[in-house]
Amino acid sequence: MEYFVQQLINGLTLGSIYGLIAIGYTMVYGIIGMINFAHGDIFMIGAFIALATFLILTTVLGFAFLPLVLLIVLIVAMLFTSAWGWTVERLAYRPLRGSFRLAPLITAIGMSIVLQNFVQVTQGARVKPLPPQITGGIRIMDGVQLSYMQIIIIVTTLVLMAGFTLLINRTSLGRAQRACEQDRKMAALLGVNVDRTISLTFVMGAAMAAVAGLMFLLLYGVIDFYIGFLAGVKAFTAAVLGGIGSLPGAMLGGLLIGLIEVFWSGYFSVEYKDVAAFSILAIVLIFLPSGLLGKPEVEKV
Amino acid sequence: MAAPAVAQAQAAQNSFAGSVKDALIAAALTGVLGFFFLALRTEIAPGGLDLSTRWGLWFSAMAIVFAGRLLLNLFVFHTNRPITGLFARRQGGKTAVAGPNLFGRLVGVVLLAVAVALPFLITTFFPGQQRQLIDLGILIMTYVMLGWGLWFTAMAIVFAGRLLLNLFVFRSDRPITGLFARRQGGKTAAAGPSLFSRLIGIVLLVIAAALPFLIITLFPGQQRQLIDLGILIMTYVMLGWGLNIVVGLAGLLDLGYVAFYAVGAYSFALLSTQFEFIGFWTALPLAGLLAAFWGVILGFPVLRLRGDYLAIVTLAFGEIVRIVLLNWYEFTGGPNGISGIPKPTFLGMEFTRGEDGVAAFLGIEYSTIHRFIYLYYIILILALVTNLVTMRLRRLPVGRAWEALREDEIACRSLGINTTNTKLTAFAIGAMFGGFAGSFFATRQGFISPESFTFLESAIILAIVVLGGLGSQIGVVFASIVMIGGIEMLRNLGFLTQIFGPGFDPVQYRMLIFGLAMVFIMVWKPRGLVTTRDPSAVLKERKKIGGDLVAQGEGH
Numbered sequence: 001m002e003y004f005v006q007q008l009i010n011g012l013t014l015g016s017i018y019g020l021i022a023i024g025y026t027m028v029y030g031i032i033g034m035i036n037f038a039h040g041d042i043f044m045i046g047a048f049i050a051l052a053t054f055l056i057l058t059t060v061l062g063f064a065f066l067p068l069v070l071l072i073v074l075i076v077a078m079l080f081t082s083a084w085g086w087t088v089e090r091l092a093y094r095p096l097r098g099s100f101r102l103a104p105l106i107t108a109i110g111m112s113i114v115l116q117n118f119v120q121v122t123q124g125a126r127v128k129p130l131p132p133q134i135t136g137g138i139r140i141m142d143g144v145q146l147s148y149m150q151i152i153i154i155v156t157t158l159v160l161m162a163g164f165t166l167l168i169n170r171t172s173l174g175r176a177q178r179a180c181e182q183d184r185k186m187a188a189l190l191g192v193n194v195d196r197t198i199s200l201t202f203v204m205g206a207a208m209a210a211v212a213g214l215m216f217l218l219l220y221g222v223i224d225f226y227i228g229f230l231a232g233v234k235a236f237t238a239a240v241l242g243g244i245g246s247l248p249g250a251m252l253g254g255l256l257i258g259l260i261e262v263f264w265s266g267y268f269s270v271e272y273k274d275v276a277a278f279s280i281l282a283i284v285l286i287f288l289p290s291g292l293l294g295k296p297e298v299e300k301v
Numbered sequence: 001m002a003a004p005a006v007a008q009a010q011a012a013q014n015s016f017a018g019s020v021k022d023a024l025i026a027a028a029l030t031g032v033l034g035f036f037f038l039a040l041r042t043e044i045a046p047g048g049l050d051l052s053t054r055w056g057l058w059f060s061a062m063a064i065v066f067a068g069r070l071l072l073n074l075f076v077f078h079t080n081r082p083i084t085g086l087f088a089r090r091q092g093g094k095t096a097v098a099g100p101n102l103f104g105r106l107v108g109v110v111l112l113a114v115a116v117a118l119p120f121l122i123t124t125f126f127p128g129q130q131r132q133l134i135d136l137g138i139l140i141m142t143y144v145m146l147g148w149g150l151w152f153t154a155m156a157i158v159f160a161g162r163l164l165l166n167l168f169v170f171r172s173d174r175p176i177t178g179l180f181a182r183r184q185g186g187k188t189a190a191a192g193p194s195l196f197s198r199l200i201g202i203v204l205l206v207i208a209a210a211l212p213f214l215i216i217t218l219f220p221g222q223q224r225q226l227i228d229l230g231i232l233i234m235t236y237v238m239l240g241w242g243l244n245i246v247v248g249l250a251g252l253l254d255l256g257y258v259a260f261y262a263v264g265a266y267s268f269a270l271l272s273t274q275f276e277f278i279g280f281w282t283a284l285p286l287a288g289l290l291a292a293f294w295g296v297i298l299g300f301p302v303l304r305l306r307g308d309y310l311a312i313v314t315l316a317f318g319e320i321v322r323i324v325l326l327n328w329y330e331f332t333g334g335p336n337g338i339s340g341i342p343k344p345t346f347l348g349m350e351f352t353r354g355e356d357g358v359a360a361f362l363g364i365e366y367s368t369i370h371r372f373i374y375l376y377y378i379i380l381i382l383a384l385v386t387n388l389v390t391m392r393l394r395r396l397p398v399g400r401a402w403e404a405l406r407e408d409e410i411a412c413r414s415l416g417i418n419t420t421n422t423k424l425t426a427f428a429i430g431a432m433f434g435g436f437a438g439s440f441f442a443t444r445q446g447f448i449s450p451e452s453f454t455f456l457e458s459a460i461i462l463a464i465v466v467l468g469g470l471g472s473q474i475g476v477v478f479a480s481i482v483m484i485g486g487i488e489m490l491r492n493l494g495f496l497t498q499i500f501g502p503g504f505d506p507v508q509y510r511m512l513i514f515g516l517a518m519v520f521i522m523v524w525k526p527r528g529l530v531t532t533r534d535p536s537a538v539l540k541e542r543k544k545i546g547g548d549l550v551a552q553g554e555g556h
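Protein chains in written order, with the working numbering: chain A, 1 to 301; chain B, 1 to 556.
Hint data in this document are derived by calculation from the structure and do not stem from the laboratory. Quick caveat: nothing in here was measured; it's all calculated off a predicted structure. Don't take every hint at face value.
[Unchecked claim] Pairs of lysine to aspartate or glutamate, DMTMM-like flavour, derived with a Cα cap of 25 Å:
(1) A/K295 with B/E451
(2) A/K185 with A/E2
(3) A/K185 with B/E276
(4) A/K295 with B/D408
(5) A/K273 with B/E330
(6) B/K343 with B/E365
(7) A/K295 with A/D142
(8) B/K525 with B/E407
(9) A/K273 with B/E451
(10) A/K185 with B/E365
(11) B/K21 with A/D195
(12) B/K525 with B/E365
(13) B/K525 with A/D195
[Said to hold, decoys possible] Here are a few chain A residues that sit away from chain B, every Cβ distance over 12 Å (derived from the structure):
(14) I9
(15) L12
(16) R139
(17) L158
Cβ coordinates follow ideal geometry from the N, Cα and C atoms, glycine included.
Please build the complete structure, drawing on both the sequences and the hints.
Shown next, in the form of structure tokens:
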């Protein structure tokens with residue numbers, strides 16, 4: 001029982017990180033209908049920016065108060081990663097707006113290769129270890145530890161999700177985004193600046209990925225230029241599992257993928273945790289071809 | 001926004017100041033993006049991570065972006081801007097002056113002046129490195145001259161080729177070909193590639209068939225590397241053609257094609273290392289069958305999926321295959337892979353020096369290059385078989401059903417086509433060719449491990465198909481030559497170390513440049529390098545159709 005609860009907590013933590021990345025996929029997919037393959041690498045970029053900022057603040061400037069440091073790191077990482085997200089959209093996707101479906105997919109894969117190799121060339125191929133910064137936790141029952149790090153990750157995710165839902169549902173930007181999602185041409189006719197809305201979608205997705213990058217860095221303490229690929233594939237799997245285009249679906253899918261992975265490693269074998277996640281995706285899609293919360297596509301003749 | 005405001009904004013954008021502003025913004029963006037990656041570098045140091053700074057690199061990146069963007073703004077993007085409009089207006093007077101315009105001439109004069117003064121500039125500004133830099137200048141100049149030579153040759157070839165085509169192919173009303181035209185007129189509905197693309201095909205085929213001998217004659221020093229490169233390109237051509245069946249013809253987006261490549265490679269490797277009597281030629285059909293079987297296994301669960309759901313499941317399938325290969329240690333050797341895979345034999349004989357080797361049998365002197373030539377011809381024939389089968393299948397009912405499925409699934413179903421079988425055959429046949437290519441890969445390498453079957457490989461194959469022009473057979477060839485040949489050529493950029501110092505390793509920039517090229521080609525030509533398609537079926541008259549008219553398939 002203790003083991004189960006412990007794994008549940010671990011799974012929710014991992015799932016929150018996947019969920020944060022999955023939001024970027026699902027939003028971009030919802031609005032322009034493309035798989036942003038470079039999004040996993042934007043997450044990796046976010047983790048690297050967070051690491052460098054953290055080092056500047058602690059070793060160069062000598063800040064010692066950890067919460068403040070982390071807050072600054074979070075804001076800096078979100079801002080700079082957003083700039084990367086914006087640039088990728090501007091260079092690789094906007095010129096292909098209205099082109100055929102596979103073209104942006106190929107530029108996205110190309111961009112993903114570019115980002116990975118850019119970081120490898122400029123930052124080196126070796127892993128970057130960061131000693132654990134947040135230690136300790138609360139014991140909730142015998143043998144079950146809820147660490148402060150896990151609390152921070154889950155709470156941050158909840159807060160961001162709440163803020164995000166409000167932004168989509170209540171603000172004019174969110175309304176513009178929903179309009180673009182439904183019908184881009186009509187939205188443009190009604191005065192929505194479509195290009196700007198799409199850019200902002202990428203910026204928001206990148207900011208979420210930066211948060212996930214920071215969380216990943218603090219949780220695992222090791223990053224390298226290749227972390228984006230696997231995390232990206234998992235997050236995309238999560239987005240599809242939840243029903244791509246649906247925000248709550250992305251979060252639900254992220255949590256599910258995290259839980260599946262952790263429980264599979266805990267009870268069966270660590271090596272095949274990815275196989276388990278992917279197989280469950282395939283099985284779910286056989287029975288629910290548009291994911292758990294996705295709207296079924298209407299076939300018009 | 002009101003119309004005058006738009007015009008005003010455009011005018012502001014078109015001014016010189018506008019160009020500079022735009023370039024400054026681009027440079028500032030580079031600064032922001034590059035700050036954490038170019039200016040800072042995290043290093044592992046004793047007692048934790050250490051930060052080092054590289055301000056020079058950061059500033060030069062910004063300067064390069066500023067200059068590049070400014071030049072592009074001024075001279076390429078907006079030629080109606082005042083700065084170039086000036087020249088344009090002057091030119092308006094001289095109506096019939098041929099040759100470069102004033103602006104082009106200006107650039108020429110400036111370049112010439114720089115080139116003439118270069119040695120003195122170098123000795124003045126970089127006295128420490130004058131030898132290397134002047135050497136580099138000589139090298140560049142040599143290539144410029146070679147390039148101009150090539151240009152002339154190209155012009156001559158194009159002239160001759162065009163003349164011949166004009167005489168014999170295009171003007172079919174002329175007496176010389178009218179003969180053929182009249183004969184052809186009878187067959188109204190003959191499908192297949194037009195005469196012109198057939199001609200290109202034949203020329204390429206002749207070159208491909210003669211390639212090893214061309215290489216041996218022209219570049220005796222590098223024959224091994226070049227034939228190896230030819231083999232590599234041919235392998236990708238074959239993979240591209242195999243994937244083209246699934247993506248280009250049936251319109252099913254498959255991001256896990258490498259799984260079948262892996263199945264083929266591992267089938268051959270395991271069969272040949274476990275059973276003595278199985279060689280390459282026995283294992284080849286078995287590997288193809290097994291891969292086709294896995295194609296059907298993948299096909300079943302994805303039958304109902306559409307578009308990107310299909311894409312993610314195929315991607316997941318590719319990853320599952322790779323992870324299983326990596327972790328099923330007892331069966332596949334895990335990360336260590338399988339080594340000692342036998343080489344292909346020629347009528348049962350091996351390429352060895354001994355009495356029973358091929359060289360002795362044929363009565364020629366033994367050379368290690370024979371095996372490479374043999375491998376080259378194997379993959380050439382395999383690739384040609386792929387192409388031939390695809391071309392024939394396109395004319396069979398199943399091939400037409402694939403294309404109908406790509407164009408419109410609902411219409412396809414309403415016409416009574418069994419979409420289940422259509423999709424499954426597309427997956428199976430595409431997978432079969434992937435399996436063939438996989439067993440060739442295994443025999444060529446002699447060693448395989450899961451490392452060779454990552455998602456990147458699938459992405460490269462898909463990129464070749466899309467960059468070449470989806471559904472175009474010849475496009476796959478061009479894209480393979482450009483992308484695979486291109487990245488292999490980047491290994492030979494040793495002279496760049498002269499500029500950037502000995503610490504510069506061009507090999508690590510290979511994939512970076514590869515990715516940039518992918519983005520650039522796609523933005524430049526979203527429909528692929530080959531933009532026309534040969535229709536499978538024609539009515540009365542054969543016409544080329546634009547790639548735009550061919551549906552991409554939504555993957556349903």
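Q: Mind listing which of the numbered hints don't hold for this structure, in increasing order?
A: As far as the earlier hints go, 1, 2, 3, 7, 10, 12 are violated by this structure, in ascending order.
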